[in-house]
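S.K.: Each chain, letter by letter, is given below.
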Amino acid sequence: MSEAIAASGAPALLRVENLSVRFRTDRGMVRAVDGVSLHVHAGETLAIVGESGSGKSVTALSLLRLIGDNGEIEQGRILFDGVDLGRLSGAEMRKVRGNRIAMIFQEPMSSLNPVLTIGKQVAEPLVLHQGLSWQAARKRAVELLARVSIPDPVDRLDSYPHHFSGGMRQRVMIAMALACDPKLIIADEPTTALDVTVQAQILALLKALTRETGAAQILITHDLGVVARYADRVAVMYGGRVIESASARELYANPKHPYTQGLMASVPSLDSDPGRPLQTIPGQPPDLANLPPGCAFAPRCAYARDLCRQGKPPLESIGPQHERACYGYE
Amino acid sequence: MSESAVAQAATAAADPAAGDPLLQVDDLKVHFPVTEGLLKRQVGTIKAVDGVSFKLARGETFSLVGESGCGKSTTALAVLRMQTVTAGRILFEGVDVTHHSAARMRPIRRRMQMVYQDPFGSLNPRMKVSAIIGEPLVIHGLAGDREAHRARIRELMALVGLLPDMADRYPHEFSGGQRQRIGIARSLALDPSLLVCDEPVSALDVSIQAQVVNLMMDLQRRLGLTYLFIAHDLSVVRHISNRVAVMYLGRIVEIADRDVLFNAPKHPYTEALLAAVPVANPEIEANRAQQIIKGEVPSVRNPPSGCHFHPRCVHAMPRCRVESPALRPRDDGRLIACHLYD
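Protein chains in written order, with this note's numbering: chain D, 44 to 373; chain X, 29 to 370.
No lab work stands behind these hints, which were simulated from the structure alone. Just so we're clear, the structure is a prediction, and the values are computed from it rather than from any experiment. Treat the hints loosely; a few may be bogus.
[Said to hold, decoys possible] Where chain D lies over chain X, by a calculated footprint (3+ residues, C-beta under 8 Å):
#1 234–244
#2 256–263
#3 297–305
[Claimed, not checked] Calculated Cβ distances over 12 Å to all of chain D for the following chain X residues:
#4 86
#5 93
#6 104
#7 172
#8 351
[Unchecked claim] If you anchor each label on the Cβ, the simulated ranges turn out as follows:
#9 54(X) with 205(D): 35 to 43 Å
#10 370(X) with 316(D): 31 to 39 Å
#11 346(D) with 315(X): 27 to 35 Å
#12 315(X) with 113(D): 25 to 33 Å
#13 359(X) with 182(D): 55 to 63 Å
#14 346(D) with 317(X): 35 to 43 Å
#15 308(D) with 317(X): 47 to 55 Å
#16 166(X) with 198(D): 56 to 64 Å
#17 350(X) with 53(D): 53 to 61 Å
#18 69(D) with 163(X): 47 to 55 Å
#19 358(X) with 158(D): 46 to 54 Å
#20 175(X) with 308(D): 39 to 47 Å
#21 158(D) with 343(X): 57 to 65 Å
#22 149(X) with 360(D): 42 to 50 Å
Ideal placement from N, C-alpha and C gives every residue a C-beta, glycine not left out.
Hey, can you work out the whole structure from these sequences and the hints?
M.R.: Following this line, the structure appears as structure tokens:
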């Protein structure tokens, strides 16, 4: 699917160019995102994969400029539907957020307001962004709750978040995200807090809805199984940088960065050979406050050379739709 | 052969632990009263664990899997006698410990230890690593003289792959994977035969999980340990287990050898659970029939009648609504609690 979209030559819906984000912390300046470039086409699901501290969540939050007072976008451009989001004023940005770009977070409990009814929370963005009356917005809220398969949506309008299970709360979050027909949905570990059978329901729902509406999706996850089932394209992050990106099939069949290779080999899968020792990546994920000068993966990499410890390899094309940031080991 | 003899023969085939099990759990129940008002009047009962039976052979890894509220962690705590047992029997190394007092449990605790999920919350931040690992020895009066104690701590650290010169550091100086190694070293200090591991790798990064899984399998081989393993990640469970029990709302629905269970799940819930887990391979995923189970796990406070799974089951029959199926052995050695196979 992604190949077809890219081959059609349509411009990307979102194009991030050389984005860097840093934070003031107790331990000094920390660059959490370091020169990240990515793009997503309409109708496509891009997965951003990485471990803790890889910068995947900060990348997503920066797209919406939700990085707090201690954070700062140092450089880079975020082009969304032809507009540079970095140049928008606070008020203009608020019109994009929740309206044209919607976000779904990991914890549906802490993202919903516990003292407001579900109906009020789903209707609010419609009143705010689309100028609907409360009455019309409530009617639309019923449709949205039905669309995410919440049973008895009319009755549930007056329920509070604590009346809902974790899976149902995440459905409410998705209904809110869909309220204004966003062109891009960013889902940050949307099912990590949920049971596996509910995870399957929620991710299938998100996939079906993006198919229906033609919206693009950025799915942030650490779960390589989830990526394999739901993503069209994948960007792998490590130490604040994208180190490899390809279509999902190409990446799993043909991982080219030593970190991606190690990651794929270290995960037991329902189709792998049980009982044998798993392949491991030696060492620890990097500390963003204390990154090595060269490639962040070099201290754990079996192929690292002097070159790797001195400079950061740029992300370069190594095949159709396949990019890698590595000085090479072949 | 009488019917019960047939059943027993089938159980023996299913059950490598039939002869001299390290741990035997019979019809275990852990119920919690639900109280209301000032007088704490009991208005209901939560049956967190409701009639669970299984055996662990020496040296094997037996896993309990299931979604939230299935009772897997409560079962583990009850086995360790860290949770009051409502009914049933727990035999450990041939001794019925179900009603042991705390004092009588103490020598037995040496032989059954716990590895916790959260390597950040389970280690005292104010204690040096050497003190954390050596504490169980001190508590049980086994520390010996200073030199012997230090030597034992060094030995334990080496066993789990920690450098002895890290002994004087504090937990915050270690990464998640190293902290889990500290927790494992502590649990091994008293030479246990059984380790109860509650989600031991689920808080760790993917690239670190493999290191800890390998360590646990290596320790099992070297020390002859038996693991009762609790996890929700079925890929890890399949990798590490010899046998697996699937739980749903306080009951076991299926027990089988690892390969039997994962290659051909029989209970409709086991099937649904395995189908829900995505495989890290897009080619396989693209060709996989994606039958997604409907609904969510109901509340333990008010479980469905009959077979707890019937409202979500695609094969549910009228009988399933009224009659709870017993866990029975089948021809291929597995045990299933489902009317479909009666």
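S.K.: The structure should be examined with respect to each hint, and the outcome stated for every one.
M.R.: Comparing the hints with the structure gives:
| no. | hint | result |
| --- | --- | --- |
| 1 | 234–244 | holds (count 8) |
| 2 | 256–263 | holds (count 3) |
| 3 | 297–305 | holds (count 6) |
| 4 | 86 | holds (18 Å) |
| 5 | 93 | violated (10 Å) |
| 6 | 104 | holds (18 Å) |
| 7 | 172 | holds (34 Å) |
| 8 | 351 | holds (24 Å) |
| 9 | 54(X) with 205(D): 35 to 43 Å | holds (38 Å) |
| 10 | 370(X) with 316(D): 31 to 39 Å | holds (35 Å) |
| 11 | 346(D) with 315(X): 27 to 35 Å | holds (34 Å) |
| 12 | 315(X) with 113(D): 25 to 33 Å | violated (47 Å) |
| 13 | 359(X) with 182(D): 55 to 63 Å | holds (57 Å) |
| 14 | 346(D) with 317(X): 35 to 43 Å | holds (40 Å) |
| 15 | 308(D) with 317(X): 47 to 55 Å | violated (28 Å) |
| 16 | 166(X) with 198(D): 56 to 64 Å | holds (59 Å) |
| 17 | 350(X) with 53(D): 53 to 61 Å | holds (58 Å) |
| 18 | 69(D) with 163(X): 47 to 55 Å | violated (31 Å) |
| 19 | 358(X) with 158(D): 46 to 54 Å | holds (52 Å) |
| 20 | 175(X) with 308(D): 39 to 47 Å | holds (43 Å) |
| 21 | 158(D) with 343(X): 57 to 65 Å | violated (43 Å) |
| 22 | 149(X) with 360(D): 42 to 50 Å | holds (45 Å) |
Of the numbered hints stated above, those contradicted by the structure are hints 5, 12, 15, 18 and 21, listed in ascending order.
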